[in-house]
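Asker: The lines below spell out each chain.
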Amino acid sequence: MVNERLSRNEREFVRSCLQEGGLRADGRSLDGTRPLTVRLGPAPGLAEVTLGSTRCVAQVAVDATTPFPDRPEEGLVTISAQFSSLAGEQFTAPTWYGMRDDELTRSIERTMRDTRAIESESLCILAGKLVWAVRISVQIIDYDGNALDAATAAVSAALLHARRPDVTISGDDVRIHSAEEREPVPLPVVHTPVTASFATFEDTASGRIYLALDPSLQEEGAMDGSLSLSANIHQEICGIYKAGGVPLEAATILRCAQLTLARAEEVTLDIQQALRLQPTAGMLTLGSVVPDTVTDLSEPNTAEPSPTENNAPGPKRQKRSVAGEHPASSGDNDLQPPPNQYELATNH
Amino acid sequence: MATSETANTFFVPGEAIDEALHWIDEEEIRIGDGLEEVGGRLRATVAGALRGDGRSVPLHIQAASRRRYTAAREDAVVGIVRERHADGFRVDVGGGELANLAALAFQGASKRNRPQLAIGSVVFARVVFAHRDMEPEISCVEEGSVKSWVTGEALYGELKGGQLIRVPLHFARALLHPTGTTRMTELGREVAFESVVGVNGWIWIRAESCQDTVRVAAALSAAVVPH
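So the sequence lines, in the order shown, correspond to chains A and B. Numbering of the first sequence is given in our numbering, commencing with residue 114 and proceeding in unit increments. Numbering of the second sequence is given in our numbering, commencing with residue 2 and proceeding in unit increments.
Please note: incorrect hints may appear among the correct ones.
Examples of chain B residues toward chain A, derived with CB under 8 Å [said to hold, decoys possible]:
1. Q117
2. L118
3. A119
4. V123
5. Q164
6. L165
7. Q212
Everything labelled a hint here was simulated from the structure, so no lab data went into it. Just so it is clear, CB atoms sit at the ideal spot from N, CA and C, and this is done for glycine as well.
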């Protein structure tokens with residue numbers, strides 16, 4: 114796990130610290146994690162998670178499409194993760210770039226899709242004809258180690274924050290409602306997986322094995338292997354992935370599982386808290402909003418910034434709550450109406 | 002500090018700073034970081050606020066927190082060896098280019114007696130040549146010194162062991178300033194350590210124990226305040 118940016122001194126320092134008594138280079142305990150923050154919106158399904166200095170952005174988009182012929186009643190969930198060049202100089206070199214992107218994508222797929230965090234059957238609109246396709250894109254925009262944990266938290270938050278258009282089905286007739294007609298509805302998220310990743314070190318001299326939770330970039334550059342577990346708040350372990358040849362005893366893995374369960378609870382509560390404070394803005398709660406006050410993220414930045422950018426509600430907005438779903442905004446909520454990102458299927 | 006209240010003190014790269022100079026009477030104005038004479042006019046080369054009075058404090062642009070280093074002659078930098086070649090090394094100093102370090106550019110080195118730096122080793126060196134269109138050149142030779150690189154007493158050369166931290170450029174410069182040096186000495190009274198602060202924002206720290214090194218590194222990292 115050599116990181117080209119690090120010096121030998123830094124790599125050796127990590128190991129010397131561990132040998133000196135389970136010390137970590139940044140002063141944390143072996144099971145200590147860095148502060149995690151979750152920021153949501155303004156677009157529905159947009160989440161940014163910071164884990165120490167690692168920063169990850171996840172965006173969820175939902176479109177209607179035809180299902181796979183062999184799975185006529187299942188929706189599609191696709192995940193694509195990428196280390197942006199913003200994340201660090203090492204991500205501009207072609208060789209490293211590709212490999213790490215694929216690895217991360219695969220790891221997130223394992224955690225989110227293989228554990229069926231989204232119920233694919235609930236994404237079906239009309240069996241064999243129309244289903245929802247959920248596209249999750251993940252970008253690491255700043256990197257200081259442990260992309261996976263930041264990414265899964267971001268994806269989980271984004272999925273809970275995302276909305277899809279409401280539909281009315283009568284027989285074979287499908288009507289997909291625009292966001293102005295009917296409030297978009299949440300996705301069928303069954304559970305919220307959270308990962309906990311450990312860097313593993315084997316001290317060949319003493320035979321001791323060390324595990325460090327939430328590794329930093331420096332630790333990743335020095336580690337011999339890694340272990341990641343995913344769990345949810347319902348005390349279920351949903352996945353385990355071990356890379357590198359460091360031998361681990363069953364008792365060690367069980368201990369890691371316990372730490373993962375605790376971490377899952379912590380992070381899920383953080384995400385839920387963020388969702389409470391930064392709920393998905395709905396079109397109806399903001400009354401009739403004229404398009405020129407909408408911040409459309411898909412278009413290039415034109416003319417003057419929208420008046421809502423300074424966290425003050427725009428003058429044209431009226432607040433109506435719909436079925437008590439969306440609380441009245443307070444001055445510091447960044448409630449901007451979402452851009453109309455849904456590709457509406459025309460009458461099929 | 003710019004004394005005129007109405008003059009614009011914030012500039013973007015390429016912007017001429019003439020208007021802000023009206024309040025300066027001098028014939029000779031001392032220029033520092035971030036300013037360059039282009040087409041007969043003094044222009045900013047980085048974004049930031051204009052500071053200084055042109056006399057005791059050279060006029061310079063106080064740029065926002067930056068980490069990307071631009072090599073300049075006589076800068077003392079901490080680098081990481083990335084490549085080894087027959088005639089020397091290529092060293093990463095945190096800039097856009099690797100810097101060249103000649104194989105014999107070490108105190109008292111000869112063809113038979115020179116350091117064989119491994120890839121990934123840390124060096125402390127001096128910038129001897131820098132131009133925006135060319136690769137910078139660094140050297141571990143201190144002029145006028147007779148110490149040999151072999152004994153490890155030479156000022157420049159390999160830095161063994163320890164920890165490396167990366168800080169914004171302005172913070173590294175502040176540490177090299179007398180006030181910063183005082184702070185480092187005070188820190189040294191709490192925990193004994195040795196350190197080398199590179200103008201490129203990379204700081205090498207080594208203390209008796211890993212615990213102490215961690216404490217010093219944490220103290221310095223925590224002291225970083227955005228510009």
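Asker: What hint numbers does the structure not satisfy?
Answerer: 1 and 2
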